[in-house]
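J.: Single-letter residue listing:
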Amino acid sequence: MLTKRIIPCLDVDQGRVVKGISFVNLRDAGDPVELARFYDQEGADELVFLDITASSDNRNIMENVVKSVSEEVFIPLTVGGGIRNKEDIRLMLESGADKVSLNSAVLSNPDIIYQSADFFGSQCIVCAIDAKRISDTSVTFNDQISEEYSIDSSTEWEVYSHGGRKPTGIDVVKWSKYVAQMGAGEILLTSMDRDGQESGYDIQLLKDVSNQISIPLIASGGAGKIEHFKQAIEHGKADAVLAASTFHFGTFSINQVKQYLQDHHIPIRKTY
Amino acid sequence: MIKEKPLIGVVDYQAGNLRSVQKALEKFGAQVVISSEKQHLLNADAIVFPGQGACDASMQNLKKKSLDELLIRLINDQVPFLGVCLGLQLLLENSEEGIEDCLGVIQGNVKKFSPGLKIPHMGWNQVEWKIDHPVFKNIPNYQNFYFVHSYYADLVDESLIAGVTQYGHKFSSAVCFDNVIATQFHPEKSGSWGLQIYNNFIEFVIGV
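Chains A and B, in that order, are what the protein sequence lines are. Heads up, the first sequence stops at 714 in my numbering, and the numbers go up one at a time, no gaps. Heads up, the second sequence stops at 214 in my numbering, and the numbers go up one at a time, no gaps.
Treat the hints as calculated values from the structure; they're not laboratory data. Mixed in with the good hints, there may be bad ones.
Unchecked claim - Straight-line distance between alpha carbons at most 30 Å, and here's what the computed DSSO-like set of lysine-lysine pairs gives:
| hint | chain 1 | residue 1 | chain 2 | residue 2 |
| --- | --- | --- | --- | --- |
| 1 | B | Lys29 | A | Lys712 |
| 2 | B | Lys11 | A | Lys509 |
| 3 | B | Lys118 | A | Lys649 |
| 4 | A | Lys712 | B | Lys44 |
| 5 | B | Lys136 | A | Lys712 |
| 6 | A | Lys528 | B | Lys124 |
| 7 | A | Lys574 | B | Lys11 |
| 8 | B | Lys29 | B | Lys44 |
| 9 | B | Lys117 | B | Lys71 |
What the hints assert, rightly or not - To list a few chain B residues with every Cβ distance to chain A over 12 Å, as calculated:
| hint | residue |
| --- | --- |
| 10 | Glu10 |
| 11 | Asp51 |
| 12 | Ser72 |
| 13 | Glu102 |
| 14 | Trp135 |
| 15 | Asn185 |
| 16 | Leu201 |
No residue lacks a Cβ here, since even glycine has one placed at the ideal position from N, Cα and C.
One chain only, chain A, in its complex shape (with noise of 0.2 Å):
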């Protein structure tokens, strides 16, 4: 049976990790390899790597973080943060990333998701989307943007750009449904209202998504109790559950994670 993936999102900035992991003594913490080293030994099921910085000048600097890890550590290895374009894919691809990770890129260029899922397969090209919950005065109505996916009067969530500082106009379930059709291979969705609350994933938009597409649906923002994984496995539908600073600052491990989803029937990898 497939087993439901457990994955630590870890920041780079300029090759280093901020808010590397506080609890355990490492040599250093800031360090991406040592950090992918103690999370695969924890029992991460794959690790992602987020380019903070993303800017082009560090492309390089990150080509070396990838390269680097995926030396050591033979799980498989997502890389985001200011993919542009196919060349961007191409050389994190070679440096050793198993997948990228695209998001403002998609906004401004739909057509980057068929031209890459066509060039290097779905399999490596993962959709992240930051999705917020609309209120009635943040409503962004844009008709340059096409019907199959602008926010209409049912719209529930909206698409954030830019690391989430503008809106779209774009509604997160049609634009799921639309990534997925195109060839996403994955959708990397993060509840911008959850992000940071440790109050537990946004249920109602997982269940909303996963019941609109066919691809593996991983859930980001909000994991604080050892539950709140469960619940976006159970009730979510998540296929894989993300999270950044429960684990960095050591609130439970992988491994109590897994131990719990276990107790509660979930299909995990055992890894201890």
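Given chain A's structure and the hints, the job is docking chain B onto it.
T.: Showing chain B alone in chain A's frame:
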């Protein structure tokens, strides 16, 4: 007996990331040459045939350099051969994914998973061994390996199936015959059990 540090030829036909395959082989003392040149691959003690992506484009890339004929010849000559993912699928006769003939060293077709399942089949899933093979030794039943694929190999001769995995139905996740071993999962992305397969493969190559 082959020397202690066997030379492994990794077939480069522009089908995905080869870096992890190389590093996994080197970890266990192999020398690695990544190449699309016939002579390099002919000089190797063993072949690793990895792959990801589309079947037609990959077959066309192989044919452009006549690597299709070379691989068939090496397999017939009993050169130890490890196929991974697309490198398993291309051993069959043809694929629902494309129109190109595949290598045809294994009877059967490559089929798409049924609608209703999430596709790609992506993540960690268990392998139940059907054959005791030295390349799979010391790996208990039902260990998890990392999969990412939308198609699976449907073999005519079930006696070649070395391992099966459940996704909607049971499919062949490992295959072996003569000196050929092939896995649908990625051992180079499957943590310590996956590395055990590379370690075993190198020992197998040395022993041949």
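J.: If a hint holds in the structure, say so; if it doesn't, say that too.
T.: To see whether the hints hold, each was checked on the structure:
1. Straight-line distance between C-alpha atoms of Lys29(B) and Lys712(A) comes to about 24 Å, which keeps the hinted pair within the 30 Å bound.
2. For a cut-off of 30 Å, the pair hint linking Lys11(B) to Lys509(A) stands: about 24 Å separates their Cα positions.
3. Only pairs whose Cα atoms come within 30 Å are accepted, and Lys118(B) paired with Lys649(A) is accepted, the gap being roughly 26 Å.
4. Using a Cα cut-off of 30 Å, the hinted pair Lys712(A) and Lys44(B) is violated, with the two alpha carbons roughly 42 Å apart.
5. For the proposed pair Lys136(B) and Lys712(A), the alpha carbon gap of about 22 Å is at most 30 Å, so the pair holds.
6. Proximity of Lys528(A) to Lys124(B) is assessed by CA-CA distance (about 26 Å); at most 30 Å being required, the pair is judged to hold.
7. The straight-line distance between the Cα atoms of Lys574(A) and Lys11(B) is roughly 56 Å, outside the 30 Å bound, and the hint therefore fails.
8. The hinted pair formed by Lys29(B) and Lys44(B) meets the criterion: a straight-line CA distance of about 22 Å does not exceed 30 Å.
9. For the hint linking Lys117(B) to Lys71(B), the alpha-carbon distance of about 27 Å falls within 30 Å, and the restraint holds.
10. Separation of Glu10(B) from chain A is adequate, the least Cβ-Cβ distance of about 23 Å exceeding the 12 Å criterion.
11. At roughly 23 Å from the closest C-beta of chain A, the C-beta of Asp51(B) stays outside 12 Å, upholding its exclusion from the interface.
12. At the 12 Å boundary, the C-beta of Ser72(B) stays outside the reach of chain A, the nearest C-beta of that chain being 24 Å off.
13. The beta carbon of Glu102(B) is kept farther than 12 Å from every beta carbon of chain A, the shortest such distance being approximately 16 Å.
14. Residue placement check: Trp135(B) keeps its beta carbon more than 12 Å from all beta carbons of chain A (closest about 17 Å).
15. The Cβ of Asn185(B) sits about 24 Å from the closest Cβ of chain A, beyond the 12 Å cut-off, so the non-interface label holds.
16. Distance to chain A contradicts Leu201(B) as a non-interface residue, since its nearest Cβ pair spans about 6 Å, not more than 12 Å.
Violated hints, listed in ascending order, are 4, 7 and 16; each of the other numbered hints is respected by the structure.
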